[in-house]
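Novice: Those sequence lines, one after another, are chains X and H.
According to our numbering, the residues represented by the first sequence are 981 to 1729, in order.
According to our numbering, the residues represented by the second sequence are 981 to 1729, in order.
Just so you know, the hints here were simulated from the structure itself, not pulled from any lab data.
A hint or two may mislead.
No distinction is drawn between identical chains; accordingly, a pair holds when it is met within one copy or between any pair of copies.
Straight line, CA to CA, 30 Å or less: simulated DSBU-like cross-link-like pairs of lysine-lysine [claimed, not checked]:
{"no.": "1", "residue 1": "1621", "residue 2": "1226"}
{"no.": "2", "residue 1": "1081", "residue 2": "1568"}
{"no.": "3", "residue 1": "1527", "residue 2": "1568"}
{"no.": "4", "residue 1": "1621", "residue 2": "1212"}
{"no.": "5", "residue 1": "1224", "residue 2": "1346"}
{"no.": "6", "residue 1": "1261", "residue 2": "1527"}
{"no.": "7", "residue 1": "1568", "residue 2": "1430"}
{"no.": "8", "residue 1": "1295", "residue 2": "1169"}
{"no.": "9", "residue 1": "1608", "residue 2": "1212"}
{"no.": "10", "residue 1": "1621", "residue 2": "1325"}
{"no.": "11", "residue 1": "1696", "residue 2": "1527"}
{"no.": "12", "residue 1": "1325", "residue 2": "1608"}
{"no.": "13", "residue 1": "1028", "residue 2": "1287"}
{"no.": "14", "residue 1": "1209", "residue 2": "1346"}
{"no.": "15", "residue 1": "1169", "residue 2": "1527"}
{"no.": "16", "residue 1": "1218", "residue 2": "1144"}
{"no.": "17", "residue 1": "1017", "residue 2": "1608"}
{"no.": "18", "residue 1": "1579", "residue 2": "1621"}
{"no.": "19", "residue 1": "1527", "residue 2": "1136"}
{"no.": "20", "residue 1": "1209", "residue 2": "1081"}
{"no.": "21", "residue 1": "1325", "residue 2": "1568"}
{"no.": "22", "residue 1": "1396", "residue 2": "1209"}
{"no.": "23", "residue 1": "1261", "residue 2": "1608"}
{"no.": "24", "residue 1": "1136", "residue 2": "1496"}
{"no.": "25", "residue 1": "1081", "residue 2": "1325"}
2 protein chains.
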Amino acid sequence: MKASRIIALGFIVLLSAGVVAEEGMWMPQQIPALAAKLRALGFTGDPKSFADLTGQPMGAIVSLGGCTASFVSPDGLIVTNHHCVTGGLQFNSSPQRNLLKDGFFAPALADELSNGPGSRVFVTTSVVDVTAGIVGAIAPAATDRERYDTIDRRVKERIAACEKDGSRCNVASFFEGRSYFEIRQLEIKDVRLVYAPAEGIGVFGGETDNWRWPRHTGDWSYLRAYVGKDGKPAAYDKSNVPYKPKRWLKVAAGGVKPDDLVFVVGYPGRTQRHQRFSEVKETVEWTLPRSIRLAEEQLALIDTLTKQNPALAIKLAGRVQGLNNGLTNSRGVLEGMDRGGALAKKQAREQELLAWIAASPARQQKYGEALAAMQTLQSRGEASRERDAALNLLSSASSYLGSAQALYRLSVQRAKPDVARDAGYQERDWSRIREAQDRLQRTIDPVADKALLRWAMDKAAALPTGQRIEALDRAAGLQAGMDRTSAAAAIETFLDSLYAGTKLADRDVRLAYLDKGTADLTASGDRFIALAAALEPLAEANREAAKNRAGAYARIRPVYMEAMLEQAGGLLAPDANSTLRVTYGQVKGVSPRDGLFYKPQTTLQGIVEKHTGSGDFDAPQRQLDAIKVLRAGRSSAFFDKGVNDVPVNFLSTVDTTGGNSGSPTLNARGELVGLLFDGTYESVSSDYLFDSVKTRSIHVDSRYMLWTMAEVDGAKRLLEEMGVSLSVPRPVKAPAKPAAPAKTPAIVR
Amino acid sequence: MKASRIIALGFIVLLSAGVVAEEGMWMPQQIPALAAKLRALGFTGDPKSFADLTGQPMGAIVSLGGCTASFVSPDGLIVTNHHCVTGGLQFNSSPQRNLLKDGFFAPALADELSNGPGSRVFVTTSVVDVTAGIVGAIAPAATDRERYDTIDRRVKERIAACEKDGSRCNVASFFEGRSYFEIRQLEIKDVRLVYAPAEGIGVFGGETDNWRWPRHTGDWSYLRAYVGKDGKPAAYDKSNVPYKPKRWLKVAAGGVKPDDLVFVVGYPGRTQRHQRFSEVKETVEWTLPRSIRLAEEQLALIDTLTKQNPALAIKLAGRVQGLNNGLTNSRGVLEGMDRGGALAKKQAREQELLAWIAASPARQQKYGEALAAMQTLQSRGEASRERDAALNLLSSASSYLGSAQALYRLSVQRAKPDVARDAGYQERDWSRIREAQDRLQRTIDPVADKALLRWAMDKAAALPTGQRIEALDRAAGLQAGMDRTSAAAAIETFLDSLYAGTKLADRDVRLAYLDKGTADLTASGDRFIALAAALEPLAEANREAAKNRAGAYARIRPVYMEAMLEQAGGLLAPDANSTLRVTYGQVKGVSPRDGLFYKPQTTLQGIVEKHTGSGDFDAPQRQLDAIKVLRAGRSSAFFDKGVNDVPVNFLSTVDTTGGNSGSPTLNARGELVGLLFDGTYESVSSDYLFDSVKTRSIHVDSRYMLWTMAEVDGAKRLLEEMGVSLSVPRPVKAPAKPAAPAKTPAIVR
């Protein structure tokens, strides 16, 4: 049996050697505890620098709300992903001038354009532990609901107090309610568009390459933060001046090579890694298969609707993109959870935790009941999940209904004192609600809306007894067990009356309704408002139930997390929650499956290979020309001898998720070497359970960005502002030779 | 400019370092001239052994007609690809017993099944240079037609003389008519099915993986050659005995590892590498785009026809597969010719040849006019190519018409003396023609046939003046410039009369027509026979023109090839022509495009990853179980420490094409290490211009075959017959331990 054991051992060695990526979207203050690991990877700096949020490099990292960005000059120049400024490019486009397609470069400061009224730059200025103030001194005898209300009120009061000086504040829960931190941010409101490459560079590969490798996307754009002459945030005004950040990133001269240590600092949105096994199981077995099915059905329906109607296709393009994106993500998570028995691993880990708890009376005393209690709460939610999901589907399918519900709920909430209003409906949220109702005009369409609501109502009509949406049944004349023909007829009659009796497709009507009280709204006689009012009791009951559950979880989940932390020896990264995090890793390729290897870097060569001249692979001619000039022997400071070309994108083992888009990638000296912009398809399941072998993030190499700015888009002004040298580094002692002048750029001005 | 030069030099170094695969499907007698190159790759044997067709290993290699195979035991056991025995598996299947799906293993000799009456094994016994006898002493003043007829007659006479002793003979042209060799083969007619894995192994990956990497296909099967008790070939008879080959291949114990030297010996079908630039250009610019367009149209039409008709879908499955296969191939060739400017390279090479000729008066004298003369001939063919292609399309679209034309032409040819009959219509071909008319019954369908002929007639109706198929115009009432509605109406009327007036869908009628004379056939009144007769003058005129052209090419092409050979210093591999060839290369991965690397080997792990349980990825449960047992620590002689698993498929740089399927892959000691079964998508354009960087052949690793036989299919009888040891090699001195008994196989018996 000796030979057998050798083989078995071989597998174990492979398995541990295969662990390459390390889990952890760390809170900045956790980094010093990781010093030994960082040193092993070649880090020579001071790990404490990451804990200083206003120091170098952390002070240079900003949030755009949904994306991350960083200052790269003392004059407020910001670099982020191209896909993070799509809104600004659309805002500045017209039928005559399509910035999204052609790109944009402001030759001088005065040419920089407003990135749109909703565009924001958030600079984190302080993070304070407020756990005691939020969850301290709550009577153990308090009901779950009282606990929820207390925490909710304290969070709101804290935010209100914090925002008094004009800051934007947030109280975020870490480790599932175990800790709370108050995050104060400077909110810069005048953000301007400085430079974005053409679509053929910035979105090269499009949906086809989304989440895929090899990748060749030039996913960068530049903004600039402006403030009033007094240095304080102010709304857009021509006379505003560039913001002077305390910290900005230096662009690395040398770029990266395979195995280099890299950091990503940013605002990852949401991960679910600390969920229990049965929560992930529900996601894998119910939530994701259901959302895949629904997305496929909606896409098929929209395809039929838009096949002969290009104008409608444009209106629904965003919805289609979102559905496709969600579909790919859901499928990726399911595949990832299936791969190598991830769900079983999750279960095994939980079994280990339970065994660890059971092994000590003290731990039993402390943690013994938490998991069972959480299971009970989960089961309670599962009982009505079909009905609740069907109710939500109605609102998401129909923009008319979604709008009516938002307007109706706002009218109800506005009648309360601000601190008692539901989160999202407080005064601080009103401008966002107004913007959303305004924006809706671009996408609302009665024909498509009716078709989608019909589809969603079919689902509601098919619900079993006991899980019916009774208000809908009454309104539309539906009941459980009704034959399909009768149900369809009833739905059709109801839909006809709804769409004939509404003015919600009219922007002015919606905006006027924003200011109305509940009685006035009801008196309008709008049939969608009436439906929203009819559905409100169930929606409110669901929200109430959710609050009760949240109160219970606020009691139990911290205990569960405490157990996990103790078991891990105190060092564990909390799940992502849109707050500032630091992750580190190495530039590394990966074998996504047997027989295949993703090289760690791509090059300009791949652009030439993929270019078809249309669709997702339509590189600008001036870029193809610049590549030819390079091939013909032109020198470039951004040429990499390792790949014998200008590098374009690279893979790393850093741990990122949505919200990290635009995050700077830093080398061991804290210098900018790239921008994070995507993860591979094999990585999406890491939001639920980290896959240490297959997970890879995708970055755009700063050298591709700089080469394009110098040789394709003529953005030398910005290179100078960032202090980037165009001289070719020489191994010999000859003096550096400046590059030939950049080509006249063909980009739109 | 120094830096620029360094970069440019870098590219050149990369380019030459990138040359990995070496062109050459060599004639066996050419191998000794390659001795130095083989030694450089680690070959220690005698290169002359490849020139001895009856020695080791060449005497073990056989042709199955369209596929290659090899003897692997002294008792006539033959190994080839699974996809080379599909016909035999179908022949032995019934609704109750689907051998294609379930696989087959004969537990004993007596259980081996006839592989079908058409199944053949051809053992090459001699190859003789007959150039002088075929093209010697033709009067220089002979017309092109006289030249053609002389060569045609001499070839037929030679074959007839050669076949007198029961051999199957062929006179093949090498180097475009520069040399002729008479190939004599022993034709074994009793071929039996011994073992084929289940479809889930033998066709794992199906159409999805066809031409793709990473690959995990178990593309092997075993046959056995039987002869009469006198040792001579005989038709299937229960009392026949296994053939005793003089040579058979030994299976290598150690398998292969990356960079190992490997040989492939087999019968590659056809390449076009010695075509002139403008011939390849016509293929790239006219032939392939046209065939892609036609294949796409046909596939769309068939899709519409079969969508609601599963029975028809089965009938047309072969046609669909053929169209898809051709489509992928054509697209691959176009992509390959586009990649790296292959067409321009071809042109540059021809320019070099012309310059080389122009540089010497003697060469000018000898070769000066050949290229221009070939261009004139090509242009002549191009003048009527639209009409000629439309005529051929009618026959290929409609099985009724194709059958009618074959029957009619046979009746005309049969009236002549055998030696004067067209090749393919001689007495030696009649049984094949009969088999084809018999087989047609499985696929012929009036509805589909009519739809396809309508589609082909639409093309013919749209031909311009001067390129009309006049006989079709007269028969169907069509004319140039007719409006589409009138043309469609005329075609419809004509089609109705055709299908109402034919009995060709009846197998017995077709077989009876095989023996009729032309007058009798015409008297049958069958409308398709009448159409075939009407089209025959144009078809015959085209054949006559082709013969004239062939006569001219027989005069000119050898001169062109002579020039190429002299320029190359005498050593050049002739284009493939279905004769025995030897190619060598190394086990090597490849970067098919920027950022991606195809590893050289795949493993069992990939089967587990790809397995979905349905469609193209449905591995048998017993195989998945065997993999689990291996993972659990079971020892295996076929485990490879380099990949830490049992290897499944591998890539190599050997130069192969269609017809090589089933060819043995040999190591430097001439032992079997795998079977060639496919090439990568990036390699198909090498049929026109060899791509020395991207070309890779795909092999099944013999260790995967042996592991499956031992652990999955219980085919130990064959392992013993091949002398394969199941003992695990030990680095220590302990005696070899026999493996545990194989599992009871679940394969169909």
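Novice: Against the structure, test the hints numbered earlier, and report the numbers of the ones violated in rising order.
Specialist: Hints 1, 2, 3, 4, 5, 7, 9, 11, 13, 14, 15, 17, 20, 22 and 25 contradicted; others consistent.
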